[in-house]
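Student: Listed below are the residues making up each chain.
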Amino acid sequence: MSEIKVDNLTGKTTANDITVTVGASATMSLEQGLAKAWGHFTMSSTTPRDSFNISSLTDDKTGIFTADYVSNMSSVNYSPSTGGTHRDAVSESGWVLAVQHAGSGADDMTTGELSLSAHNGTSALVDTVQATFQIFGDLA
Amino acid sequence: MAGKIIADTLEHSTAGSLSTEYVVNGSAKAWFHFNMLAATIQDSLNASSITDSATGTFLMNLSSALSSSEYATLSASGDNATHNASADTNEPRSSSQYSHNHWENNASYDIANASNSALGDLA
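For the protein sequence lines, the chains are A and B, in the order given.
Take the first sequence: its position 32, counting from 1, is numbered 32 in our numbering, and each next residue is one higher.
Count along the second sequence starting at 1, add 140, and that's the number in our numbering.
Warning: the hint list may mix true and false statements.
As the list claims (entries may be wrong) - Coverage of chain A stretches by chain B, computed from C-beta distances (three or more under 8 Å per stretch; other residues unrestricted): (1) 3–11; (2) 21–29; (3) 35–43.
Claimed, not checked - Derived DMTMM-like pairs: lysine to aspartate or glutamate, alpha-carbon spacing no greater than 25 Å straight-line: (4) A:K5 <-> B:E161; (5) B:K144 <-> A:D17; (6) A:K12 <-> B:E231; (7) B:K144 <-> B:E161; (8) A:K12 <-> B:D148; (9) A:K61 <-> A:D50; (10) A:K61 <-> A:D127; (11) A:K5 <-> B:E151; (12) A:K61 <-> A:E113; (13) B:K144 <-> A:D138; (14) A:K12 <-> B:E151; (15) A:K5 <-> B:D148; (16) A:K5 <-> A:D17; (17) A:K5 <-> A:E31; (18) B:K144 <-> A:E31; (19) B:K144 <-> A:E3; (20) A:K61 <-> A:E31; (21) B:K144 <-> A:D7; (22) A:K61 <-> A:D108.
Quick caveat, the hints were computed from the structure, so don't treat them as lab data.
Think of the CB as a built atom: it goes at the ideal place given N, C-alpha and C, for glycine as much as any other residue.
Bound conformation, chain B alone:
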């Protein structure tokens, strides 16, 4: 059986100390790198599946739900050879699902490399 430590603070000998609150609340609870064209997950944390909702819009489905639908999401705008100006947005749909939308030239667009992450509290 693995050991278990209950602690409020971690202290490094030279790098300073950190409240374990930052470990619990500051860690990403989910992240995805996925391909919109193939509808495949390249790598992930806490992912159960992705759903192709529409051109440029995918739903991220989580294995373990967040405690509410008011968590924070981040994403990276993907660039490619044809379309340069782009924007990616995320919207929490529920405690276990959020959307990822990719836009280029004011239109929805599927790209090969999309990524995002979610921070908040697990249920």
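Extracted from the complex, chain A is given alone in its bound form:
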């Protein structure tokens, strides 16, 4: 077994371009495939249960939280995903955690933050006890 002890990985030719072998012979970009932020939180608290690259959570209003990044993304065209299970003490189905986009009336999705809204089965905004998300893309 081989082991590398190192604090930083930097591309030799281009600093942010490291290729990894991920199939029998297929390769891909290391930095492009890594999640740049993720979080697990409850909407009753602005302290994440666990997170990566999240500086703070803001309780905008019932059912809407905004997560701010420590390191910003390079553009607004990054790719967020949200967890599929959201529940309260009563119901475990029919809840959706959505990404707020321009025009939705919240802080929306910018290079520095992501707003998430939780809705129940009747479209009402609700505070969920379990919200998870992750983002892929390029850091600034």
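Model the placement of chain B on the given structure of chain A, informed by the hints.
Tutor: Chain B in isolation, oriented as in the chain A frame:
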């Protein structure tokens, strides 16, 4: 010529160590941010194209195929000013193609900002 390192573990001086298996298997093999209304890709990894299959349904076509059609897909439900309750689902169609479906109020709907990602092994 760039250098090449073959290793099983990466160890940081303070942040712990990581098996390179997690780098290989834990990295997203594709991700998309796209506009269903304009049928354009805003940004992506490992994307060859998208196909407008039907209202609220697009196909993600990959440049490099996964090793099987049993990979994992994730998506974010997009919200907009008019329709709040929404759901986005994905379905692998083949090793190099998966669908993205957006629903609002129990109907298919095109939105300006849709995103998803795929994790698994490349072929």
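Student: Work down the list of hints and note, for each, if the structure agrees.
Tutor: Verification of the hints:
1. 3–11: holds (count 7)
2. 21–29: holds (count 7)
3. 35–43: Answer violated; 1 residues pass the 8 Å Cβ test.
4. A:K5 <-> B:E161: holds (16 Å)
5. B:K144 <-> A:D17: With Cα atoms ~13 Å apart, K144 of chain B and D17 of chain A stay inside 25 Å; holds.
6. A:K12 <-> B:E231: violated (38 Å)
7. B:K144 <-> B:E161: Within the cut-off at roughly 17 Å; holds.
8. A:K12 <-> B:D148: holds (20 Å)
9. A:K61 <-> A:D50: holds (21 Å)
10. A:K61 <-> A:D127: Status holds; Cα separation ~9 Å.
11. A:K5 <-> B:E151: holds (4 Å)
12. A:K61 <-> A:E113: Since the Cα atoms of K61 of chain A and E113 of chain A sit roughly 16 Å apart, the hinted pair holds (cutoff 25 Å).
13. B:K144 <-> A:D138: holds (23 Å)
14. A:K12 <-> B:E151: holds (19 Å)
15. A:K5 <-> B:D148: With a Cα-Cα distance of about 11 Å, the restraint between K5 of chain A and D148 of chain B holds, given a limit of 25 Å.
16. A:K5 <-> A:D17: holds (20 Å)
17. A:K5 <-> A:E31: holds (19 Å)
18. B:K144 <-> A:E31: Cα-Cα ~16 Å, so holds.
19. B:K144 <-> A:E3: Distance ~14 Å between K144 of chain B and E3 of chain A Cα, so the pair holds.
20. A:K61 <-> A:E31: violated (35 Å)
21. B:K144 <-> A:D7: Distance ~17 Å between K144 of chain B and D7 of chain A Cα, so the pair holds.
22. A:K61 <-> A:D108: Between K61 of chain A and D108 of chain A the Cα gap is close to 14 Å, so the pair holds against 25 Å.
The earlier numbered hints that this structure contradicts are 3, 6 and 20.
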